[in-house]
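Protein chains: 2
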Amino acid sequence: MQSLSSFIILNTIMKRIVIIGGCAAGPKTAAKTKRVNPENIVELYTMENMISYSACGMPYYIKGSVPSYQNLIIRTPEDFKKQGIDVFLNHKCTRILPDEKSVIFNTMVNGVGEIKKVNYDELVLCVGSRPYTPKVKNINLENIFHLKVLDDGIKIKEKMEKSKSAIILGGGYIAIEILEAFVKNGLNVTVVERNHEIMSQFDPEISTIIKDYITKRDGKHVDFILDDEIIEFIGTKEFTGAVTRNGKTLHADFCVVAAGVVPNVELAREAGIEIGITGGIKTDNRMRTNIEHIWAAGDCTEETCLITKRPMYAALGTIANKQGRVAGINVNTDTNGVYEAFDGILGSAVTSYFDFSMSTTGLTETKARIFAKNSSIEPITATVTKRDKPGYMPDSNSITVKLVADKRTGELLGAQAVGVGDADKRIYTVTSALRANLTVQEFLHLDLTYSPAFSSTIDPLLTAAYKLKDEIDK
Amino acid sequence: MQSLSSFIILNTIMKRIVIIGGCAAGPKTAAKTKRVNPENIVELYTMENMISYSACGMPYYIKGSVPSYQNLIIRTPEDFKKQGIDVFLNHKCTRILPDEKSVIFNTMVNGVGEIKKVNYDELVLCVGSRPYTPKVKNINLENIFHLKVLDDGIKIKEKMEKSKSAIILGGGYIAIEILEAFVKNGLNVTVVERNHEIMSQFDPEISTIIKDYITKRDGKHVDFILDDEIIEFIGTKEFTGAVTRNGKTLHADFCVVAAGVVPNVELAREAGIEIGITGGIKTDNRMRTNIEHIWAAGDCTEETCLITKRPMYAALGTIANKQGRVAGINVNTDTNGVYEAFDGILGSAVTSYFDFSMSTTGLTETKARIFAKNSSIEPITATVTKRDKPGYMPDSNSITVKLVADKRTGELLGAQAVGVGDADKRIYTVTSALRANLTVQEFLHLDLTYSPAFSSTIDPLLTAAYKLKDEIDK
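For the protein sequence lines, the chains are A and B, in the order given. For the record, in the first sequence the residue sitting at position 287 is 275 according to this note's numbering, with numbers rising by one throughout. For the record, in the second sequence the residue sitting at position 101 is 89 according to this note's numbering, with numbers rising by one throughout.
Misleading hints may appear alongside valid ones.
[Claimed, not checked] Stretch by stretch, here's where chain B covers chain A in the computed footprint (C-beta under 8 Å, at least three residues):
no., segment
1, 130 to 138
2, 191 to 199
3, 405 to 415
4, 427 to 433
Treat the hints as calculated values from the structure; they're not laboratory data. For each residue, glycine too, the CB sits at the ideal point set by N, CA and C.
Work the whole structure out from these sequences, hints included.
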């Protein structure tokens, strides 16, 4: 990775930089590239009627902690205009023409559909992802919702406020956040998850802790149907219920499908841009695709796992922002010049269900065991459940920390933390340890801050590391 | 650092291990050494009438968040007895005799003073620290308190509950914690600090943010007298007030002296044990002193700074615990055998004033500039003030993060974070980056977890790192 000085960039020639996508990576790329070289023409196109909003904030809007959806809008087209960036709303890209360095948009001008061709010097695809739509009969009935664009959030909230019950198809991060919103608003909710556990991004015994917490807290209002899946929605025009593979019939006022996302890569594929094995657009660490002058960033791209060095796919706002920053810098540089690198990700993630937080980074034991089949690592783990602050503190709570390491080298591979205590702080800390390939032996001596108001004298993280070290030494 | 297997240790011969000190390092050493080799005779001596309590918890007991001082007691002598560790309360060590491998204690037996000589195979000094007593006239008046042992906490709380005003001599961590307790309990408090700012462990502009917060929140009840010091206490038998060097006369119901601590090293020095330049007992990374079979751990020892590789002194429960663990392991090993190492500290610390948290690790700019005079580092810094969560979240708050790096190598040297937001989480994360000598360039790509409930898409830590990178590249 080479160092990049803004002074070098300012000497590059003026370019027309076309960015497609208005949610996270697109606006970030636009803002960064304009800041790095104000001489450039920077144009930001989106098929939506607004840009630069926090998609991740939608569950909190539905829940009611964010009073208006307008709070979720980060920057308006006018804000971008002030920075010298032109924003084009309601522009749906229909074709990329790499040979003539142009893109085709469908748009409306004065109520009349129009086709527009736009030339570029550099094209950055930030076309994001869309909800995965499982193959379920009648999935297009009314009152079956996805949660992707801001409009979805608005509609779900409206429906929720008039409803008493809901079904959530899926049991991952978004599902849990929506579940919280619905329970908070007094709904009875059935969660249908085809895996054996909800939150299967965690190891099974950790997922069980999450499920048990939800059940203990809200069992009267939340029903989990696991190891099963919806095969048919019931209703003629409007959704009234669902039937599962195991023969259960469920009834509810509406349904939210939260079964993950898939990257929007169709246009890219048609243009000859290489798609990775995870389904995302393949880029190098400069965010370049295989086609010259075409870059990609955000949810539409595939990443590299920093632990396994293999491709992985994660659609997260924080990654989109970082990639947008890197693309925004690099579109200004010559191919042989200095550049900024985006080396990869750890799969770090966090969410919460009311006071209970759940966070993970790097490999779970499950993922490590899969990786071990084709690598030389030898996964070993330790789990501790311990108070996050001294027991005498009134807000002391119990958290469970699981660490995964390679017995062979002693290097940490991943961590999971869940509990009413501060799980996220612990995982934050592990991300930098993973970035630096710290061994368990190095990690267990971390000079973490300590005060009874914030942690225990020996943090649960370190207790887990001590235990793991004992396992490694056995 | 070599790996240590408990199987090796079990083959060592049985030893009598005498540990002096009952607060943090002592009990930890005792528990660990007994666990590593249950065959050993482990004896724990303390001059106090209780052991194994959380000294750090005392401000929270005074404040009222911890209902009883008995909550602060972690383990009783009976708990230790069950583990096979003999505890001797009210045993004041008066002499160490390395040549005959014994120690002398003054104690009371049936109300009669007695002198006891105890032989050891290995002696571990965990004799802690005591409050620094500044040279102030009449400092021995009644109602002038220190806060070190549990009994001090009990007395201060009793006095506070009958009082309307107090003076705190000192403006560091403990002073701020006591200040919060007093303000919470309705007292008017004057803080007298001889430095230009309170919390001078932080860089001046960061300390100013802390002071401004306290003043804004509680200015009616808190008065800061800075750049000044108490030179005389007023009163005949009981304290009634104080006079400062600048001629101010202050009146209050009582005073707490919180001017830092000094290590208890007198006995060690008399016995020929080497004392380091910071005033703490000098040990190697195995916690051995210069005298064979005598070890030291906790507040009485001097540490090594992991950044500067130079001696530093920090009296913290978390360090005492870690050193106790290392000493507890190593007293069981042969000098040539495998051992556990305690390599040093970063000076990490945290505290809070109500909702405002303040945390630091590694070098401040001030310390880095001092270090730069005798080293090749070239300190460079960046400071950002930013919301810790997206602005639309109801509990989003502003925190200030300052990073310090070496412009020459790009390596991070330290970090400070303060604010109503979650400052401690950020510093936790930097401790592992410092442990691994991460550069700013590596750090700014950290794959931190993200959810609006926990952080912003680009964490303030990373924003500070971006800014610092720009400074480095200039």
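Hint by hint, here is what the structure shows:
1. Against chain B, the segment 130 to 138 of chain A contributes 0 residues with a C-beta closer than 8 Å to a partner C-beta. That does not satisfy the three-residue criterion, and the hint is violated.
2. Only residues whose beta carbon comes within less than 8 Å of a beta carbon in chain B count, and the segment 191 to 199 of chain A has 0; fewer than three means the coverage is violated.
3. Only residues whose C-beta sits within less than 8 Å of a C-beta in chain B count toward coverage, and the segment 405 to 415 of chain A has 5 of them, enough to reach three; the restraint holds.
4. Counting residues of the segment 427 to 433 of chain A whose C-beta sits closer than 8 Å to any C-beta of chain B gives 4, which meets the bar of three, so the coverage hint holds.
The earlier numbered hints that this structure contradicts are 1 and 2.
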